[in-house]
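2 protein chains.
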Amino acid sequence: MTEKSVYNYRKSAEIFERALKVIPSGIYGHQGPAEGCFVPVTAFPFFSERAKGAYFWDVDGNRFIDYMCAYGPNVLGYNDDEIDEAAAKQREKGDCITTPSRVMVDFAELLVDTVASADWAFFAKNGGDATTLAIMTARAHTHRKKIVFFKGYYHGVAPWTQKIDYPGVLPEDVANSLYVPWNDYEKLAETFAQNKGEIAAIISQPYWHGNFADNILPADGFWQKVRKLCVDSGTVLIIDDVRTGFRLDVAGSDHFFGFEADLICFCKALANGYNVSALCGKDFLKNTVSGLSYTGSYWLSAVPFAAGIACIEKMKRLDLPRLLDEKGKGLLHGLVETARRRGFDLHVSGMPALFYIRIADDDVNGSPSLMLHQRWIAEMVKRGVYVTNHHNHFLNYALNADDIKTTIQVADEAFAAL
Amino acid sequence: MTEKSVYNYRKSAEIFERALKVIPSGIYGHQGPAEGCFVPVTAFPFFSERAKGAYFWDVDGNRFIDYMCAYGPNVLGYNDDEIDEAAAKQREKGDCITTPSRVMVDFAELLVDTVASADWAFFAKNGGDATTLAIMTARAHTHRKKIVFFKGYYHGVAPWTQKIDYPGVLPEDVANSLYVPWNDYEKLAETFAQNKGEIAAIISQPYWHGNFADNILPADGFWQKVRKLCVDSGTVLIIDDVRTGFRLDVAGSDHFFGFEADLICFCKALANGYNVSALCGKDFLKNTVSGLSYTGSYWLSAVPFAAGIACIEKMKRLDLPRLLDEKGKGLLHGLVETARRRGFDLHVSGMPALFYIRIADDDVNGSPSLMLHQRWIAEMVKRGVYVTNHHNHFLNYALNADDIKTTIQVADEAFAAL
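Chains as they are written, first to last, in our numbering: chain R, 1 to 418; chain F, 1001 to 1418.
To be clear, the hints were calculated from the coordinates, so they are not data collected in a lab. Where hints are given, some of them may not hold.
As the list claims (entries may be wrong) - Taking lysine-lysine and the DSS-like style, the derived pairs with C-alpha atoms no more than 25 Å apart in a straight line are:
no., chain 1, residue 1, chain 2, residue 2
1, R, Lys-89, F, Lys-1089
2, F, Lys-1163, R, Lys-286
3, R, Lys-21, F, Lys-1286
4, R, Lys-89, F, Lys-1052
5, R, Lys-316, R, Lys-329
6, R, Lys-89, F, Lys-1011
7, R, Lys-146, F, Lys-1146
8, R, Lys-145, R, Lys-282
9, R, Lys-196, R, Lys-228
10, R, Lys-163, R, Lys-151
11, F, Lys-1146, F, Lys-1225
12, F, Lys-1089, R, Lys-11
13, R, Lys-282, R, Lys-228
14, F, Lys-1286, R, Lys-163
15, F, Lys-1282, F, Lys-1228
16, F, Lys-1282, R, Lys-21
17, F, Lys-1163, R, Lys-163
18, F, Lys-1225, F, Lys-1151
19, F, Lys-1286, F, Lys-1146
20, R, Lys-405, R, Lys-329
21, F, Lys-1021, R, Lys-316
22, F, Lys-1146, F, Lys-1282
23, F, Lys-1314, F, Lys-1052
24, F, Lys-1228, F, Lys-1187
25, F, Lys-1282, F, Lys-1316
26, R, Lys-21, F, Lys-1316
27, F, Lys-1089, R, Lys-52
28, R, Lys-145, F, Lys-1146
29, F, Lys-1228, F, Lys-1145
30, F, Lys-1021, R, Lys-282
31, F, Lys-1145, R, Lys-146
32, R, Lys-163, F, Lys-1146
33, F, Lys-1145, R, Lys-145
34, R, Lys-145, F, Lys-1163
35, F, Lys-1052, F, Lys-1316
36, R, Lys-163, F, Lys-1145
37, R, Lys-146, F, Lys-1163
38, R, Lys-286, F, Lys-1021
Using the sequences plus the hints, can you model the full thing?
This is how it looks when you write it as structure tokens:
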């Protein structure tokens, strides 16, 4: 591929000009220029036109092999026929109706059958609806206030989970938040000792995946010790599986790491992009959840339930986590080898299905500057491989061996372009 | 209709038994037995099978003329062909994709063109996402903490909007909440004087519609005085139009009552049931919103945007608020007359498109006991007219003159059965 074939984003830029007039910051969230702006924004397409399988096409007609998967929801491939058919069948009957549809019960039963730590399921729309319900449940059950977070966490955008210096957040919102370094059991135990009888919950992702940083798996025995500490202290253990859920283990990422959460939050991969999230949990918390005031306009919508049933059944049938792990390992092996041949040290972290990568040759005083890495990411995107410089990636079932081969070829060209 | 033709809910009850095992309280929200339980739950169907136009059918095959409209989202009729076609066309292209689709910008432009107080739009999933973003925006903009609510409000389920004695809610969550009686401008001005320079926002529905109580329209000049007070005090005026939005005025319910909000929250009728909400606002707050950390997994989903565009265009083309007002007036006239003929005093409040009704003959010491009313509601539902005893109702475009006639006939039978 020559420089001439590198993508341009003329129409994206035009639409973005319109967007800036009627939408705060034009685009919000990860895709907005405010985030990930270490990469020249000109390397990225702003608006998509369509998507299918492992690809999306932007408004300029450029095709991308997509390693972000809408930041998670695309787990089986965009517009998966089987999921879309199940959803369409339900849509013909009805979606958002005054009383819930029977598929809500079917979906809850399937989750209880599938997720090891689930005795029940409660459905909502955002991952943050599930994490907020989890926090409220823990506080209502324990009659305690304090919540332990692992530094570098992300559990949505509700005020209680934001940082004290973020705009719009009050000191009161985070007055009961305790922060502990990831994998540091000693510090955690110390924090529990210092706040004896006051900690309602620990909330954590199954492993650490902050932005702009190597991802970190749990240390050996870490979760088992945390689990025991929670039992001994009467503290509710909440796993935020919104990002990782179903990509590591269809029975839950807690199950993957050999323990059981009290409450576990799902979203993203739950229904292949249909809009639904879930909080699942243990029986001992069911009555507490029943007593909370918690609902939303679209939370009974039946179409996402039908899509979720089809999605989970297909993921189970495929043994999807194993397939994604294989795809990820093949891809990462190829990328690391290609980097090595071109004289670069590509550092890989996290699980293969949600890999984080970083060119490690741009460290300044032992810390990644990420400058060289960002340039490489930009060269990848401009050649049709959508990766990001700040976040873990996501694999989907539709990604095939040819896509991985193409990705490695593009990576080679992108290294050459540095 | 004889007693024999009164509905039974055998299958609903069976499915509810299953639901109780895997879902906290079986069904949550308004449809759950925990709420509205003043009515014998046996009068209501628990689960729907399908819906079309103004009707839904439950799992036992009973048909209902539906005056709850999924608590608002069904504004044009269930499975409206025009909206569903627009949504299906977008779904073929793609829904939840890594980068937003161009329809997001089209939708924002349409809202800005349609809603009088909107200079920009920000999309999310729940009404509560919009109200929470509004509160955070007001606090970030004013660098103040306090929020004024009108007693009997509902703005979602986030902890900041719940009550101090609700389970899972901390005193810290509501430490900056001030409560003023609805329509009481003197008390409001007094509250402002007592909290000079400290009130970030007033948040309010356009008129008062609490549960189990007659709805109350704004007093003459109330909103204009409130608007001026906010300007004079540097306080952000937030209108929660989640419930009322587009049923009173497609330009916003603030426009309907002759003032302009600084921030206005939409959900429900925004896309005829497709899952999307929006915060719209004035230019002077746009940069503040841009600086907040606020996003969600499905917030860029394109299908609800396409549905929203079609829904708003159709509502505008139809001049829907006028039609709903006419339907509501016809219905309410018939119900009140029928009640009178049967010797009952049916009290009507709120706007016709969102009417609240109550049999006023069961007052005890001057306050409604609602006991007779609840029995009447139960008789209505068992005869195929879905109304509730605790909440305002919602009209939709598909409701026709025959449905209204049938409703009035059923009402007559239900009065007779008391």
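For the pair supplied as a hint, F:Lys-1089 and R:Lys-52, confirm whether the alpha-carbon distance does not exceed 25 Å. OK: F:Lys-1089 and R:Lys-52 at ~14 Å, within 25 Å.
Taking only the CA atoms, is the gap from F:Lys-1286 to F:Lys-1146 under or equal to 25 Å? Judged against 25 Å, a Cα distance of about 21 Å means the pair holds.
Would you check the hint for F:Lys-1145 and R:Lys-146, treating anything up to 25 Å between C-alpha atoms as holding? Holds, because 22 Å separates the two Cα atoms, which is no more than 25 Å.
Would the hint linking F:Lys-1163 and R:Lys-163 be met if the CA-CA limit is 25 Å? Between F:Lys-1163 and R:Lys-163 the Cα gap is close to 24 Å, so the pair holds against 25 Å.
Would the pair R:Lys-163 and F:Lys-1146 pass a check requiring their Cα atoms to be no farther apart than 25 Å? This hinted pair holds, its Cα atoms lying about 19 Å apart.
For the pair we were handed, F:Lys-1146 and F:Lys-1282, check the Cα-Cα distance against 25 Å. Distance ~21 Å between F:Lys-1146 and F:Lys-1282 Cα, so the pair holds.
Taking only the CA atoms, is the gap from F:Lys-1286 to R:Lys-163 under or equal to 25 Å? 21 Å, holds
Would you check the hint for R:Lys-163 and F:Lys-1145, treating anything up to 25 Å between C-alpha atoms as holding? 16 Å, holds
Going straight from one Cα to the other, do R:Lys-21 and F:Lys-1286 come out at no more than 25 Å? At roughly 10 Å apart (the allowed maximum being 25 Å), F:Lys-1286 and R:Lys-21 satisfy the hint.
Does R:Lys-316 pair with R:Lys-329 here, judged by a C-alpha cut-off of 25 Å? 20 Å, holds
Would the pair R:Lys-145 and F:Lys-1146 pass a check requiring their Cα atoms to be no farther apart than 25 Å? Distance ~22 Å between R:Lys-145 and F:Lys-1146 Cα, so the pair holds.
Pairwise hint evaluation, R:Lys-286 against F:Lys-1163, where the allowed Cα distance is 25 Å at most: The hint holds at about 21 Å.
Taken one by one, the earlier hints all hold for this structure without exception.
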